[in-house]
Amino acid sequence: MNIAEAKAILEALIFAAPEPITLRDCARILGISERTAALLIRQLDDDYAARQSALTIRQVAKGYQICTKPEYAEYIRAIGRTSRSQNLSPAALECLAIVAYKQPITRVEIDEIRGVRSDSALQSLIERELVMEVGRKEAIGRPILFGTTNRFLEVFGLKDLAELPPLEENQQILLE
Amino acid sequence: MESGGFQVDDGQNQFTIKLPVFSGPLDLLLHLVQKEQVSIWDVSLAKVTEEYLRFIDTMQELNLEVTCEFLVLAATLVQIKARSLLPKPTTTVDEAEYETEESLLLRLIEYKKFKMAAENFALRAEQENEVFTKSYLDSALLAQDEQPLPAPETKATIWDLLDIVQELLAAQTIEAEAKPKPQVPREFVSLTETIVRLQRRFQGGYRCSFRDLLLEARNKAELIATFLASLELVKLGLITIVRSGASNIELLSEG
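Each protein sequence line maps, in turn, to chains F and L.
Under numbering that gives the first Met the number 0, residues 0 to 175 are what the first sequence spells out, in order.
Under numbering that gives the first Met the number 0, residues 0 to 254 are what the second sequence spells out, in order.
None of these hints come from the bench; they were simulated from the model.
For glycine and all other residues, C-beta sits at the position ideal for the given N, C-alpha and C.
One thing to keep in mind: the hints can contain errors.
[To be verified] Restraint ranges, calculated between C-beta atoms of paired labels, are given here:
1. L/Ser102 - F/Pro103: 24 to 32 Å
2. L/Glu192 - F/Asp118: 31 to 39 Å
3. F/Pro103 - L/Glu60: 55 to 63 Å
4. F/Asp45 - L/Glu100: 25 to 33 Å
5. F/Gly134 - L/Trp40: 35 to 43 Å
6. F/Gln171 - L/Ser102: 18 to 26 Å
7. L/Glu221 - F/Ile143: 41 to 49 Å
8. L/Glu60 - F/Ile75: 42 to 50 Å
9. L/Ser102 - F/Gly134: 49 to 57 Å
[Unchecked claim] Only pairs whose alpha carbons sit at most 20 Å apart, straight line, appear in this in silico EDC-like list of lysine to aspartate or glutamate:
10. L/Lys112 - F/Glu111
11. L/Lys219 - L/Glu125
12. F/Lys101 - L/Glu118
13. F/Lys101 - L/Glu109
14. L/Lys133 - F/Glu175
15. L/Lys112 - F/Glu168
16. L/Lys133 - F/Glu132
17. L/Lys219 - L/Glu35
18. L/Lys133 - F/Asp24
19. L/Lys112 - F/Glu18
20. L/Lys112 - F/Glu128
21. F/Lys101 - F/Glu128
22. F/Lys68 - L/Glu125
23. F/Lys101 - F/Glu111
24. F/Lys158 - F/Glu73
25. F/Lys158 - L/Glu109
26. L/Lys112 - L/Glu129
27. F/Lys158 - L/Glu127
28. L/Lys34 - F/Glu70
29. F/Lys68 - L/Asp56
30. L/Lys46 - F/Glu18
31. L/Lys112 - F/Glu108
32. L/Lys133 - F/Glu10
33. F/Lys158 - F/Asp110
34. F/Lys68 - L/Glu253
35. F/Lys158 - L/Glu125
36. L/Lys112 - F/Glu10
37. F/Lys61 - L/Glu127
38. L/Lys112 - F/Glu175
39. F/Lys136 - F/Glu168
40. L/Lys133 - F/Glu73
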């Protein structure tokens, strides 16, 4: 297997994978090191850029994904039937933000921050696979702990949780 | 509570419209504090409390569901206000049992932090809408034509609408009290008809100020019906609430 072949296989894997494929899976399937795989994927993306392709490879949800560049969005939308129904209610978004930054967190803890019960918001987040149960808290009643999913990272274009923008801590802005 | 529901008996049908726009009592409090345009620490809690209670009244008058959480915060605000009027007790035995102004404002700031993060998330999701992947397109193109949900670009909130409704309702009441009541049979305003009428008006792209729309109402019942019908159309995604200028709220539909 030469470099060109390896790159072609990686391209096939990233293209066909139903969700962002991890470096680990790429390396395992090709029988090469993760470092080499990362390097080859980088070259592949450079190749795309060199021939001014509409496609690009991005790192998202702890893996790699081939996607179209934003400048082609309006053309793609013209195909029709490509609209997303991912829009979340303000309540659900608030709930999601709290889970994302405070995970693992119980429902009661979410309710305390929001000052309101969050059952249905949480339910809709679970149905959309943005939030999941991640364990039980060692406290009375062993309440369920919630955390975000890989799907959450993918939907919001995040590589991993470390890439979450920091919470606003500027008192000046918060007090406005 | 994630949604405000309301019931109107317009003589024919009972309506229950659930709106996912309500975010809760802290959201309302934040709205009122921000309206004061001063730093959260400098806000007059007495004034905000009055406004908060007036909002609850209006919501009840409009048959919007006021859940217990709204009432709990109302009670907390009133308690803080009452305690600020009393001389400070020398002992601080029960101090921890009461929510103080400080702890409430800290809670509000903490809430705002996440509200801002949530707005940021909405923005990110919008940017992600510009990027298409194969697996996404597969599922989207295979899926049945789904009615897209209302766009998240609701730049103004339900509270902004309530601001205006409240003001006009108060004006209506004064006017009604000034005029001697003519003996006319009570007239029913049909919510269904109001919804249909508004929907027709907004068909094919239309934009108007929410205040002007409400001012067309000839009486309180019509005003309330117009408000409720607007909410229904927002919920159905047929119109969007947008803010243009500091206090002007507009309703618009796409052509």
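Structure-based check of each hint:
{"no.": "1", "hint": "L/Ser102 - F/Pro103: 24 to 32 Å", "in the structure": "25 Å, holds"}
{"no.": "2", "hint": "L/Glu192 - F/Asp118: 31 to 39 Å", "in the structure": "35 Å, holds"}
{"no.": "3", "hint": "F/Pro103 - L/Glu60: 55 to 63 Å", "in the structure": "42 Å, violated"}
{"no.": "4", "hint": "F/Asp45 - L/Glu100: 25 to 33 Å", "in the structure": "58 Å, violated"}
{"no.": "5", "hint": "F/Gly134 - L/Trp40: 35 to 43 Å", "in the structure": "38 Å, holds"}
{"no.": "6", "hint": "F/Gln171 - L/Ser102: 18 to 26 Å", "in the structure": "21 Å, holds"}
{"no.": "7", "hint": "L/Glu221 - F/Ile143: 41 to 49 Å", "in the structure": "48 Å, holds"}
{"no.": "8", "hint": "L/Glu60 - F/Ile75: 42 to 50 Å", "in the structure": "48 Å, holds"}
{"no.": "9", "hint": "L/Ser102 - F/Gly134: 49 to 57 Å", "in the structure": "30 Å, violated"}
{"no.": "10", "hint": "L/Lys112 - F/Glu111", "in the structure": "14 Å, holds"}
{"no.": "11", "hint": "L/Lys219 - L/Glu125", "in the structure": "39 Å, violated"}
{"no.": "12", "hint": "F/Lys101 - L/Glu118", "in the structure": "17 Å, holds"}
{"no.": "13", "hint": "F/Lys101 - L/Glu109", "in the structure": "12 Å, holds"}
{"no.": "14", "hint": "L/Lys133 - F/Glu175", "in the structure": "43 Å, violated"}
{"no.": "15", "hint": "L/Lys112 - F/Glu168", "in the structure": "8 Å, holds"}
{"no.": "16", "hint": "L/Lys133 - F/Glu132", "in the structure": "28 Å, violated"}
{"no.": "17", "hint": "L/Lys219 - L/Glu35", "in the structure": "28 Å, violated"}
{"no.": "18", "hint": "L/Lys133 - F/Asp24", "in the structure": "19 Å, holds"}
{"no.": "19", "hint": "L/Lys112 - F/Glu18", "in the structure": "31 Å, violated"}
{"no.": "20", "hint": "L/Lys112 - F/Glu128", "in the structure": "24 Å, violated"}
{"no.": "21", "hint": "F/Lys101 - F/Glu128", "in the structure": "18 Å, holds"}
{"no.": "22", "hint": "F/Lys68 - L/Glu125", "in the structure": "14 Å, holds"}
{"no.": "23", "hint": "F/Lys101 - F/Glu111", "in the structure": "12 Å, holds"}
{"no.": "24", "hint": "F/Lys158 - F/Glu73", "in the structure": "25 Å, violated"}
{"no.": "25", "hint": "F/Lys158 - L/Glu109", "in the structure": "26 Å, violated"}
{"no.": "26", "hint": "L/Lys112 - L/Glu129", "in the structure": "27 Å, violated"}
{"no.": "27", "hint": "F/Lys158 - L/Glu127", "in the structure": "13 Å, holds"}
{"no.": "28", "hint": "L/Lys34 - F/Glu70", "in the structure": "38 Å, violated"}
{"no.": "29", "hint": "F/Lys68 - L/Asp56", "in the structure": "51 Å, violated"}
{"no.": "30", "hint": "L/Lys46 - F/Glu18", "in the structure": "53 Å, violated"}
{"no.": "31", "hint": "L/Lys112 - F/Glu108", "in the structure": "15 Å, holds"}
{"no.": "32", "hint": "L/Lys133 - F/Glu10", "in the structure": "13 Å, holds"}
{"no.": "33", "hint": "F/Lys158 - F/Asp110", "in the structure": "28 Å, violated"}
{"no.": "34", "hint": "F/Lys68 - L/Glu253", "in the structure": "27 Å, violated"}
{"no.": "35", "hint": "F/Lys158 - L/Glu125", "in the structure": "17 Å, holds"}
{"no.": "36", "hint": "L/Lys112 - F/Glu10", "in the structure": "41 Å, violated"}
{"no.": "37", "hint": "F/Lys61 - L/Glu127", "in the structure": "16 Å, holds"}
{"no.": "38", "hint": "L/Lys112 - F/Glu175", "in the structure": "12 Å, holds"}
{"no.": "39", "hint": "F/Lys136 - F/Glu168", "in the structure": "28 Å, violated"}
{"no.": "40", "hint": "L/Lys133 - F/Glu73", "in the structure": "16 Å, holds"}
In the structure shown, a violation is registered for the earlier hints numbered 3, 4, 9, 11, 14, 16, 17, 19, 20, 24, 25, 26, 28, 29, 30, 33, 34, 36, 39, in ascending order.
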